[in-house]
Structures are given as C-alpha cells and as structure tokens.
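Peer 1: Each chain is listed here by its residues.
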Amino acid sequence: MMRILKSREFLVLVLLGVMILGVATVNRAVLYPITLINILNSSIFLILLAIGQMFVILTRGIDVSVGAIAGIAAVIFGFALNGGVPLPLAMLAAMLTGVLAGAVNAVGVVLVGIPPIIMTLSTLGIFRGLMRVLTGGSWIEQVPQSIKAMSVTRVLSVPILVWATAAVIIVAAILLARIKAARSFYAVGDNREGAYLLGLNVAGTEFAAYALSGLFAGMAAIVFVAQIGFVPMQTGQGQELKAIAAVVLGGVSLMGGTGNIWSAVIGALFLTTVDSMMIFLHVPGSWNNAVAGAVLLAVVVADYLIRRTVRNRQLVLRAAELRRADADAALGREVAP
Amino acid sequence: MTLPGWLRSWEAMLAVALVVEIAVLGMISPAFLNIENLLFSTSDFAHVIIAAVGLTLVVITGGIDISGVSVMGLASIVMGLAFVAGAPIGLAVAVALATGLGAGAFNGVVVARTDVNPLVITLATLFLFSGIATGLPTLLDLLGFKAYGAGGFEAYQYEGITGLPKSFTWLGTGSIGWVPLPLIVTVMVALAGGALLSRTRFGRFLYFIGVSADVARFTGVPVRRTLILVYAFNGLCAAIAGLVLTAYFTSARSDLGSEALLNIITAVVLGGTSIQGGSGSVLGTFLAGLVLGYLRQGLLALGITSDVVPVIIGALLVGSVALKIGSAALAMNRANRNALETGRRAVEETVARP
Amino acid sequence: MAADPAPLVALRGVWKVFEGVPVLRGIDFDIRPGEVHALLGGNGSGKSTIVKILSGAYQPTAGRIEIGARTTVLPRPSDAHQQGIYMVPQEPHIFPNLTVLENLTMGLAGGVANAAQARRIADEIGLSVDFAMPGGGLSIANQQLVEIIRGLLRKARVLILDEPTSSLTRREVDALAIEMRTLTARGIGILFISHRLDEVLDLADRVSVLRDGHFVLSAPAAELTPEKLVEAMLPADFLPATESTVAPQGRNPVLEVSGLTGRAFRDVSFNVLPGEVVGIAGVVGSGRTELAQAIYGIDTDVTGEVRINGKAAPHRAPQSCQAMGLSYVPEDRHAHGIFLTLPSARTISAGLLALGRRKFLAPRMEGELASRFVDRLRIKLSSTAQVARILSGGNQQKIVLAKMLAPEPRIVIMDEPTRGIDARARQDVYRIIRELTAQGVGVVVISSEMGEVAEISDRVLVMLRGRMMALPTGRRSVEEISAATFASRRGAAA
Numbered sequence: 000m001m002r003i004l005k006s007r008e009f010l011v012l013v014l015l016g017v018m019i020l021g022v023a024t025v026n027r028a029v030l031y032p033i034t035l036i037n038i039l040n041s042s043i044f045l046i047l048l049a050i051g052q053m054f055v056i057l058t059r060g061i062d063v064s065v066g067a068i069a070g071i072a073a074v075i076f077g078f079a080l081n082g083g084v085p086l087p088l089a090m091l092a093a094m095l096t097g098v099l100a101g102a103v104n105a106v107g108v109v110l111v112g113i114p115p116i117i118m119t120l121s122t123l124g125i126f127r128g129l130m131r132v133l134t135g136g137s138w139i140e141q142v143p144q145s146i147k148a149m150s151v152t153r154v155l156s157v158p159i160l161v162w163a164t165a166a167v168i169i170v171a172a173i174l175l176a177r178i179k180a181a182r183s184f185y186a187v188g189d190n191r192e193g194a195y196l197l198g199l200n201v202a203g204t205e206f207a208a209y210a211l212s213g214l215f216a217g218m219a220a221i222v223f224v225a226q227i228g229f230v231p232m233q234t235g236q237g238q239e240l241k242a243i244a245a246v247v248l249g250g251v252s253l254m255g256g257t258g259n260i261w262s263a264v265i266g267a268l269f270l271t272t273v274d275s276m277m278i279f280l281h282v283p284g285s286w287n288n289a290v291a292g293a294v295l296l297a298v299v300v301a302d303y304l305i306r307r308t309v310r311n312r313q314l315v316l317r318a319a320e321l322r323r324a325d326a327d328a329a330l331g332r333e334v335a336p
Numbered sequence: 000m001t002l003p004g005w006l007r008s009w010e011a012m013l014a015v016a017l018v019v020e021i022a023v024l025g026m027i028s029p030a031f032l033n034i035e036n037l038l039f040s041t042s043d044f045a046h047v048i049i050a051a052v053g054l055t056l057v058v059i060t061g062g063i064d065i066s067g068v069s070v071m072g073l074a075s076i077v078m079g080l081a082f083v084a085g086a087p088i089g090l091a092v093a094v095a096l097a098t099g100l101g102a103g104a105f106n107g108v109v110v111a112r113t114d115v116n117p118l119v120i121t122l123a124t125l126f127l128f129s130g131i132a133t134g135l136p137t138l139l140d141l142l143g144f145k146a147y148g149a150g151g152f153e154a155y156q157y158e159g160i161t162g163l164p165k166s167f168t169w170l171g172t173g174s175i176g177w178v179p180l181p182l183i184v185t186v187m188v189a190l191a192g193g194a195l196l197s198r199t200r201f202g203r204f205l206y207f208i209g210v211s212a213d214v215a216r217f218t219g220v221p222v223r224r225t226l227i228l229v230y231a232f233n234g235l236c237a238a239i240a241g242l243v244l245t246a247y248f249t250s251a252r253s254d255l256g257s258e259a260l261l262n263i264i265t266a267v268v269l270g271g272t273s274i275q276g277g278s279g280s281v282l283g284t285f286l287a288g289l290v291l292g293y294l295r296q297g298l299l300a301l302g303i304t305s306d307v308v309p310v311i312i313g314a315l316l317v318g319s320v321a322l323k324i325g326s327a328a329l330a331m332n333r334a335n336r337n338a339l340e341t342g343r344r345a346v347e348e349t350v351a352r353p
Numbered sequence: 000m001a002a003d004p005a006p007l008v009a010l011r012g013v014w015k016v017f018e019g020v021p022v023l024r025g026i027d028f029d030i031r032p033g034e035v036h037a038l039l040g041g042n043g044s045g046k047s048t049i050v051k052i053l054s055g056a057y058q059p060t061a062g063r064i065e066i067g068a069r070t071t072v073l074p075r076p077s078d079a080h081q082q083g084i085y086m087v088p089q090e091p092h093i094f095p096n097l098t099v100l101e102n103l104t105m106g107l108a109g110g111v112a113n114a115a116q117a118r119r120i121a122d123e124i125g126l127s128v129d130f131a132m133p134g135g136g137l138s139i140a141n142q143q144l145v146e147i148i149r150g151l152l153r154k155a156r157v158l159i160l161d162e163p164t165s166s167l168t169r170r171e172v173d174a175l176a177i178e179m180r181t182l183t184a185r186g187i188g189i190l191f192i193s194h195r196l197d198e199v200l201d202l203a204d205r206v207s208v209l210r211d212g213h214f215v216l217s218a219p220a221a222e223l224t225p226e227k228l229v230e231a232m233l234p235a236d237f238l239p240a241t242e243s244t245v246a247p248q249g250r251n252p253v254l255e256v257s258g259l260t261g262r263a264f265r266d267v268s269f270n271v272l273p274g275e276v277v278g279i280a281g282v283v284g285s286g287r288t289e290l291a292q293a294i295y296g297i298d299t300d301v302t303g304e305v306r307i308n309g310k311a312a313p314h315r316a317p318q319s320c321q322a323m324g325l326s327y328v329p330e331d332r333h334a335h336g337i338f339l340t341l342p343s344a345r346t347i348s349a350g351l352l353a354l355g356r357r358k359f360l361a362p363r364m365e366g367e368l369a370s371r372f373v374d375r376l377r378i379k380l381s382s383t384a385q386v387a388r389i390l391s392g393g394n395q396q397k398i399v400l401a402k403m404l405a406p407e408p409r410i411v412i413m414d415e416p417t418r419g420i421d422a423r424a425r426q427d428v429y430r431i432i433r434e435l436t437a438q439g440v441g442v443v444v445i446s447s448e449m450g451e452v453a454e455i456s457d458r459v460l461v462m463l464r465g466r467m468m469a470l471p472t473g474r475r476s477v478e479e480i481s482a483a484t485f486a487s488r489r490g491a492a493a
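Protein chains in written order, with numbering that gives the first Met the number 0: chain W, 0 to 336; chain E, 0 to 353; chain R, 0 to 493.
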C-alpha cells in the first residue's frame with residue numbers, strides 16, 4: 000500500500016484530482032458525468048499510443064515515430080474498409096501494419112545498432128511520406144460510416160470504444176504483471192548488462208518492445224478513424240511527442256526499468272484533461288501546450304530532486320552501517336565463529 | 000588508423016555529394032542549374048541550416064535540444080508583438096533575440112543542474128515555448144497592453160502579424176548583388192558557430208564534455224557553465240532562424256518552423272555529428288544542410304511530389320548512420336586482428352630465443 | 000582432495016585483444032571440482048577478462064575453452080549457465096524495481112517449481128528476507144547471496160566470485176567463508192577473486208597470480224605466504240628500495256590536510272613537504288580514492304581543512320585546486336582521465352586549457368606542448384594526432400600524467416598511477432615521479448601494490464577502513480606495509 004501511495008502514478012493521479020476539483024470551484028460543469036466521460040473518450044487515442052511508447056521506454060529506448068505509424072495504419076485501415084474488407088479483418092490489417100512498422104524500427108535499432116532517436120526520427124519521416132504517397136496526399140473520406148458506430152454506441156452512457164480500450168488496458172496490465180517473459184522488459188531497462196548475463200534474450204525483448212509500440216499505434220489508428228469517421232493527413236501528427244510526455248509524466252523513467260501501464264494511462268489522461276480544463280476555465284486553447292510543458296518539466300525536476308535525496312540518504316546509511324560494524328570489531332564484541 | 004582519416008574526409012564526401020547532386024539535377028532539368036536559382040532557392044531552407052548550426056554544438060556535448068523549433072516561433076511572435084506594441088523594429092528584433100537566448104539558457108540550466116535526459120527537458124520546453132508563443136497575444140490583452148488594431152493582440156494569434164517594415168523584411172527577401180540575405184545570414188551564423196567550435200576554448204570544452212563529462216570535470220572544465228552557454232547559443236541560433244523565416248514570409252507567426260525538426264536533426268547527423276557526442280563539425284552541418292535543401296528543391300523541380308521527400312530524407316539519415324556504424328566496426332575488427340598477430344609473433348620470438 | 004581431479008573448466012592458450020591492445024597473452028587456466036581457486040593480480044592485469052571469457056560475456060580472440068575435456072564455445076552468458084558456469088559479479092546485478100523472488104528467478108525457464116526451489120536454497124544459504132520486497136532494498140551482502148542462489152538455481156558446478164568481499168563488513172565476510180565451504184563440500188568449484196591477500200590464503204586451495212596478461216605463479220595455497228604473493232605480483236624488473244637521493248626541500252608543506260571527514264573516511268590528517276613522495280597504501284574500498292577526490296574537490300560533501308601551498312582552500316573544485324597548484328591523476332583512467340576518442344594532443348593540452356585565461360586556441364602552442372610532453376614522458380605515438388583509444392595502457396597513463404603536469408603543479412596526487420600498465424611504462428612513471436620531486440614538487444602516490452609503495456615512498460601512510468595511520472618515518476619494507484594494509488587476522492592472531 001505504501002508503495003502505491005509513494006508512486007509517481009499516484010502523485011499524478013492526485014494532481015489530476017486536485018486539478019479537476021480546483022476547476023470545479025470555478026465551473027461546476029466539470030463534474031457532470033458526461034464531461035468526465037467525454038474526457039475519457041477523447042483521451043483513449045493518446046492512452047493507446049502512450050502504452051506502446053511505454054514498452055520502448057521501459058527498455059531504455061525511445062520511439063518518436065508512433066504518431067506516423069498511427070497515420071499509416073489509419074490509411075491502411077481506411078483502404079481496407081473502402082475495399083470492402085470486413086471490419087475485424089480491417090482492424091487486423093491496421094494492427095499488422097503497426098507491428099510491421101515497429102519491426103522496421105526494431106531492425107534498425109536492435110540489429111544495426113542505430114541510436115533509437117535517429118532511427119525512429121527517420122522512420123517518422125518515412126512513414127509520414129509513405130502515408131501521403133499511398134493516398135496521393137488527399138483524405139480518405141468515404142469510409143463506411145458503420146465504423147462510427149463503435150464510438151457513438153454507448154453502454155451505460157460510455158462509448159463502447161472506451162470500454163474496449165479499458166479491456167485492452169486491463170488485459171495488457173495483467174499480462175505485463177503476470178507473464179514471466181513480460182518481466183524482461185523491466186529487467187532489460189533496469190539493468191541491461193545484468194539481464195544479458197542472466198541469459199535473458201535482450202535483443203528479442205527490445206525487438207518486441209518496438210513491435211508492441213507499433214501494435215498499439217495501430218490500435219490507436221482504429222480508435223482515431225472510428226471517432227472522426229475519415230482519415231485526414233494529420234492523423235497522429237505531433238502525437239509522438241505527446242505520447243512521450245504522457246509516459247514520462249506518469250513515471251516511466253527514460254533511464255528504463257520503472258513504470259507500468261498505469262503510468263501511461265494516467266499520464267495520457269492528465270495531458271488530455273489539461274486541455275479540457277482550459278475550456279472550462281475559459282482560458283484560450285492556445286495555452287494548452289504551455290501548461291502541459293510546464294507540468295512535465297515540474298514533475299521530472301521534482302522527481303530528480305526526490306531521487307537525489309533518497310540516494311544521499313542511502314549512502315549515509317550504508318556508511319553508518321560499515322562504521323558500526325567497525326566499531327563493534329574494535330570493541331572486540333565480534334566473536335570469531 | 001582508418002577511422003580518423005575517414006572521419007576527416009566526411010565533409011569532403013559531403014562536398015562531393017553536393018556537387019554531384021547539383022550536376023545530376025542540372026542535367027535532368029537545366030533550368031535548375033541557373034546560378035541565380037541556385038542562390039535564391041537557399042532562402043527556402045536557410046532557417047534549417049541556421050538552427051542546425053546551433054544544434055550541432057549542443058549535440059557535440061552529447062545533448063539534444065528539440066525545443067529549437069518552438070523557439071523559432073516564439074522569437075517570431077515576440078518580435079511581431081513588440082513591433083505592433085510600438086517598439087522600433089531594431090528593438091523588437093533585439094527583444095526577440097534575447098528571448099531566444101533566454102529560452103536556450105533556461106534549457107541549459109535545467110540540463111546542467113539535473114540528471115534528467117535533455118530529450119525530456121527540451122520535450123517539455125518544446126511544449127512550453129510553443130504554448131507561450133501561441134498564448135502570448137491573449138496574455139498581452141489580459142495585461143491591458145494596447146495594440147493599434149481593433150481586435151487586440153488576440154487577432155494576431157491565427158493571422159500572424161503582417162505589415163512589418165521593409166527594413167526588416169529585406170532580411171528575408173533582399174539581396175546583396177546576387178546573394179540573397181538569408182544565405183548571407185546563414186553563412187555568418189555558420190562562420191560564427193564554426194569559429195566558436197574550432198577556434199575557442201569554449202568549443203574545445205564542448206568536445207571534452209561530449210567524449211566524457213566526467214573526464215572533463217576531473218580535468219577542471221567548468222561543465223555546468225559550458226552547458227548553459229551552449230544551450231543558450233542554440234536558443235540564439237533558433238531565434239535568428241525564426242526571424243529570417245519571419246522576414247522571408249513577411250509575417251510573424253507563432254507556429255513558424257514547427258515542421259523543421261526532422262530536417263534540422265537530419266542536417267546535423269548527416270553532417271557527421273555523432274548523436275552520442277564528442278565529434279562533429281559546423282562545416283559538415285552546413286554542407287549537409289545544402290545537400291538536403293537542394294535535394295528537396297531538385298526533386299520538386301523534377302516533378303516528384305513533396306510527399307516523397309521525407310521518405311528520401313529519412314532513408315538518407317538511416318543509411319548514413321548505418322554506414323558509419325558498419326565501417327567503424329570493420330576498422331576495429333581489423334585493428335584487433337593485427338594486434339593479435341603482432342602479439343603472437345612477439346611471444347614466438349621470445350620462445351624461440353635461446 | 001584427490002590428486003589432480005579432471006578440471007571442471009579450462010582455458011587453453013587464450014588470447015584476448017581489445018581495441019588493438021592485447022590483454023591476455025595465451026594463458027592456461029583451470030578450475031577443479033571442490034576447490035577454491037584464487038585469481039590474483041593488479042588492476043588491469045587481465046583478471047576480469049578471464050572471468051568474462053569464462054562466463055560467456057567475451058569471446059577469446061584466440062585459444063579455446065574446455066569443459067569436461069571437451070572443447071566448447073560460450074557465445075552468450077546463457078550458454079555458460081547451461082554448461083554449469085555462473086559468475087557472481089563484483090557489483091551484483093540486481094533489478095532494483097523487481098521483487099527479490101523475481102530477481103532470483105529472472106531468466107530461468109519454468110515457473111512455480113523455481114520459486115519453491117529458490118526458497119529452499121535461500122534457507123540453506125541463509126538468506127532470510129521478504130521475497131516480495133523490491134530488490135533495490137537488499138543490503139550488499141544479501142545482493143551477493145541473491146547472485147549465488149541464482150547460480151545454484153542454474154545447477155552451476157563452477158561459481159565465479161569476483162571480489163565478493165570488497166564492500167562487505169568483516170562479519171559478512173566470515174559468513175561468506177562458511178557459505179563457500181558448504182558449496183565446495185558439494186563438489187562445486189569456485190573461482191575466487193580478491194585484493195585481500197590474507198583472505199585469499201585463508202579461503203583458497205590454489206592461488207594463481209596474473210601479471211601483464213600472463214600467469215607468473217600458480218601453486219597450492221598451503222605453500223604460499225603473503226610475502227611470496229606480493230613478490231609474484233611485483234613487476235619483473237622490480238628494484239629493491241634504494242635510499243632517496245633527493246631530500247625533501249624546505250619545511251613549508253605544499254599540502255596540509257587536517258581532520259578531513261567524508262562518507263568513506265574519517266578524521267584524516269597528513270602533510271606533504273616539497274620534494275617528498277608520500278605513499279598511501281590501501282586496498283580497494285579503504286577510502287583512499289574517496290579521500291583523494293575529496294581533496295581535489297570532486298566530492299564536496301566533506302568537513303575538515305585542506306591547505307594547498309600554504310593557502311586555505313575551503314571551497315574546492317578541480318579548477319580552483321589546479322589554479323592553486325594541486326593536480327590529481329585519477330584511478331580510473333578511462334572514466335576520469337583520458338578523452339579516449341580524441342587525438343592524444345587534445346588530452347595533453349586539456350588541463351592547461353581549462354586552467355588558463357586564454358579564450359582562443361593556439362594550435363601551435365598546443366602542438367609544442369604535446370611534443371614536449373611526448374618527449375619528456377617517452378610517450379610512444381605515431382603522431383600527436385593519434386586517437387588515444389588505440390594506445391596501450393601505459394601510453395594512455397602517460398598522456399593523463401602529461402595533462403595533469405602541464406599546468407606545473409606544486410603537488411600531485413596520483414591514484415594507482417601504474418594500474419594496468421606494463422613493466423617498462425611503470426619504470427617510466429617512477430622516473431617521472433623522481434623528476435618531479437627533484438624539482439621540489441610534492442607527490443602523493445596512492446596504491447594497493449605494497450611493493451610499489453615501498454619502492455618509491457619517502458614516507459608511508461596506510462588507509463584502513465576509512466582511517467589513516469602513519470608508519471614510522473623512513474622507508475619501510477614490503478612486509479611491514481602489507482601487514483598494516485591488510486590488517487590481517489593472521490597477523491592479529493599471531
């Protein structure tokens with residue numbers, strides 16, 4: 000319990016609650032259930048991107064191409080739907096596109112050894128370009144409107160798309176916590192050399208992380224298309240940086256090894272909520288980015304200060320431990336076995 | 000042995016690539032080879048090179064600053080707002096440059112004072128600065144500043160600020176003889192950055208920090224101060240790039256340059272600067288910037304859609320890094336084999352001797 | 000033990016070359032069932048390379064590995080595990096964010112059975128902690144037990160313990176000794192690496208000494224004494240101590256340290272006179288490096304007084320120390336001393352550059368400075384533009400020396416100045432120290448090699464568990480220094 004209370008996810012969750020309540024004192028409308036549901040609904044795209052991103056960051060990598068992967072997966076999804084492919088198959092195609100795109104990143108990073116930021120920055124350009132080439136630069140519009148059913152049909156007044164995303168999150172969280180192989184994401188990011196020396200498949204784990212990042216970007220693409228009903232060229236644009244910000248905000252360290260699905264979920268939720276709150280405060284939307292950036296900066300700097308304090312205290316404790324043992328020895332209290 | 004020589008010639012390779020590129024494009028489309036066209040088309044991408052020069056210095060320290068593209072927009076809108084608020088154009092430009100310098104120094108202070116990854120810090124300030132840039136007009140209204148126009152400052156947020164004096168837009172559209180002003184500014188920034196890097200103690204410190212910040216600290220290099228200064232320099236370069244772009248478009252906008260991030264980083268890395276730090280040159284960045292810029296111009300001139308351009312640029316970036324990694328590995332392999340043979344021979348000789 | 004049972008694992012004629020520099024030169028080595036085989040050698044002698052080859056982290060450049068008389072390859076650590084070899088690294092590989100149980104079973108196939116077995120082995124070995132707590136909360140001694148249990152869970156028949164005692168208290172070391180005996184009684188072979196000679200003789204059945212990439216001694220522990228070990232570890236051309244030719248000059252100390260206290264050392268006071276060599280003997284973990292770095296202003300979290308050249312230096316940083324005439328040659332050359340990927344001349348001029356007021360570079364002056372030091376320190380370079388990384392350890396060390404000597408300091412602290420360099424370079428370093436003292440420079444040499452301290456020091460200080468002791472003035476013998484440094488229980492019992 001203490002661990003949960005001390006965790007960064009919890010800190011951000013509390014901040015989120017405080018922010019919503021704070022805004023509620025100015026504008027009660029924030030607390031209407033429909034408002035909260037709308038916030039949830041508009042955050043699931045970023046949540047999915049952030050979860051994918053989290054796998055990569057867990058292993059100490061970074062993937063700035065997730066937005067572009069979502070874009071190209073959305074295009075394939077749109078093509079498939081317009082080509083008369085049944086919805087489940089079209090969804091599969093979108094996710095497969097994501098996995099393939101992620102695998103391209105993985106080949107460059109894991110097999111060739113290109114620094115992740117360079118590799119994924121390149122594929123950001125490549126995927127975005129390909130997306131335009133495939134579509135000739137125009138929006139895909141005549142997507143069967145049946146797809147929108149997913150986002151407008153509501154169960155308990157919550158869109159089924161939100162329910163579906165929640166299910167994906169919970170399944171992913173359970174798998175990540177329970178499957179042994181999933182723990183190697185943490186092991187590789189926590190202590191890469193240690194993981195290798197213990198016989199873990201480090202390259203395979205990193206490969207899987209990039210592929211998963213692509214998979215979740217593919218899912219995010221499905222959500223996006225279902226919510227707006229067409230595929231604009233801007234799909235996912237700029238979202239890669241938001242996804243990274245969300246993950247880091249939620250407590251996943253770029254040094255790897257810490258964080259979980261909830262970090263990504265809460266971080267993404269927070270960033271989306273900030274945008275919504277601005278509306279309720281009648282602050283012009285133009286300030287959204289400034290607030291998001293300030294929050295991210297404040298949280299990572301605070302996190303650094305806390306870590307530094309904890310580390311110093313540990314060093315002092317160990318020094319004291321050694322000294323005590325020394326003093327014991329000097330007093331002859333230590334009895335030879 | 001082969002590595003340093005090969006690295007030294009990276010700029011030479013880029014120069015050759017640039018000449019070949021222009022020649023090939025010229026053969027396909029003779030109109031492209033026109034000197035005036037070659038000179039004036041640089042105005043389209045001058046801002047990329049200017050920002051890349053500053054980033055080169057940062058990346059040499061092993062850091063990164065992705066917030067530069069936001070600083071471009073911030074400097075642009077600050078300049079525009081200062082002008083419409085009644086400041087003389089010279090003062091407006093000075094305020095914008097100071098803003099860039101301050102934004103960069105802010106990045107530098109956080110990078111130098113914490114162990115947080117510079118990518119995260121500048122990701123946060125990327126949002127922060129662009130948010131400030133877009134929000135600034137409404138803030139000025141709120142604070143009760145008066146603009147000449149009827150709609151207050153907020154009107155400028157989406158439309159951009161036009162009506163800038165000729166003396167300023169000349170910076171983006173004018174020329175001295177056949178040489179356009181943006182190119183002159185670019186060359187001046189590159190010369191300044193290059194001199195800073197290769198002629199001053201500060202520049203040497205950047206390499207030291209990039210190779211090993213710990214060794215630098217043990218040597219007595221003021222690591223923190225140097226980092227703050229280099230991020231500040233990068234902020235200044237981004238502000239200059241933003242102003243040049245503003246003059247070129249004759250309109251001050253908060254979202255200027257936001258598309259340039261990929262191109263800027265590509266110019267730096269293709270220019271031979273290692274993303275891990277410790278090596279790189281401004282000349283390489285400058286040449287790579289020209290190669291990239293003309294590639295884009297040339298492809299467009301050939302009727303290839305602009306959609307394909309990022310695909311080619313991305314592939315170029317991956318290819319150049321993979322090439323470097325591969326050749327470095329080969330060279331090290333060869334060095335180890337030679338050393339083994341030498342060592343073995345030495346042992347055999349000792350054994351053979353009576 | 001039966002006479003020469005077949006080895007569990009053996010290296011035959013193994014070479015290893017890094018970045019063009021040979022580290023192992025055709026060594027033969029084996030570990031037999033039920034024995035503790037100790038591997039000794041100075042820093043950089045190639046010990047850790049042997050360990051990494053045996054554990055599958057490195058591949059030999061030439062030569063072969065035999066397991067049970069069959070030649071084999073260990074391309075990855077997991078292959079070494081399958082062949083029954085497990086390394087317990089000096090710094091245990093703990094996943095701070097995973098639970099203790101996950102730390103134990105990470106990388107193993109199978110599920111619940113592992114957990115049960117991990118608990119059983121933990122009981123046997125004596126690890127009693129909450130298995131659900133995060134690994135980051137384990138004490139260092141328990142982290143080591145976690146590593147040993149990891150090995151036993153993999154049915155290891157060879158355990159490699161890389162300096163397991165360097166950060167343990169004496170009580171924890173005693174417990175470890177009992178655990179090692181439990182393991183060898185089961186027929187497990189242990190490769191034991193330590194800097195502490197008394198521990199080696201206490202715990203090992205067989206001792207091998209590595210120097211400059213090949214073995215100079217391999218014998219049963221019963222036939223050895225600390226003196227013999229020290230002798231074997233000394234360089235081939237080691238000269239017995241001679242009387243100092245230069246008497247310390249002047250009476251005003253160039254360095255005065257009084258009551259300095261930090262995390263790893265307490266209440267340390269000493270002076271250094273001009274032209275004097277003060278040797279500080281101490282093993283890894285005795286607080287000697289922490290002391291040196293506190294004096295040089297790297298670690299500022301200390302109390303006490305330091306005076307450099309007679310002037311108080313309350314707020315020290317590397318820059319200010321150098322400006323006052325104090326230089327520090329760090330222990331870890333690669334991490335703290337040399338700019339590996341830059342031309343050698345760049346490192347040589349770095350110290351002067353950082354210290355000077357000159358804002359612009361002066362390439363010609365820099366070149367002259369570099370060539371002057373290349374001549375003076377006899378650095379072997381094809382040109383001063385040669386990248387430092389491909390040079391031998393000795394030449395790299397001389398480049399670091401050049402960097403720290405260029406500002407012409409009045410007092411130089413050298414931390415393990417001959418670590419991992421060959422015999423000739425070692426003699427060159429001693430010559431440089433003599434030249435410095437002849438010019439009236441005060442030199443502090445920190446070393447874990449007793450022979451070195453004995454040979455070059457005018458006065459010897461000993462660091463032991465964070466406290467400093469002075470030996471009676473005048474030159475001391477290797478034996479005296481060893482006895483004080485290791486503070487052996489052997490000696491205490493006698």
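To be clear, the hints were calculated from the coordinates, so they are not data collected in a lab. Source: prediction; values computed, not measured. Cβ atoms here follow ideal geometry from the backbone N, Cα and C, with glycine treated the same way. Each hint should be verified, as a subset may be incorrect.
Computed list of lysine to aspartate or glutamate pairs in DMTMM-like fashion (alpha-carbon distance at most 25 Å, straight line) [what the hints assert, rightly or not]: (1) R/K51 - W/E140; (2) R/K51 - R/D298; (3) W/K179 - R/D122; (4) R/K51 - R/E90.
Example chain E residues on the side facing chain R (calculated, C-beta under 8 Å, incomplete) [to be verified]: (5) A16; (6) L17; (7) R216; (8) F248; (9) T249; (10) N335.
Taking CB as the label site, the calculated pair distances span [what the hints assert, rightly or not]: (11) W/Y303 - E/A314: 36 to 42 Å; (12) R/T260 - W/N26: 54 to 60 Å; (13) W/E140 - R/F130: 55 to 61 Å; (14) E/G325 - W/N26: 55 to 61 Å.
Peer 1: Need the list of violated hint numbers for this structure, in ascending order.
Peer 2: 1, 2, 5, 6, 8, 9
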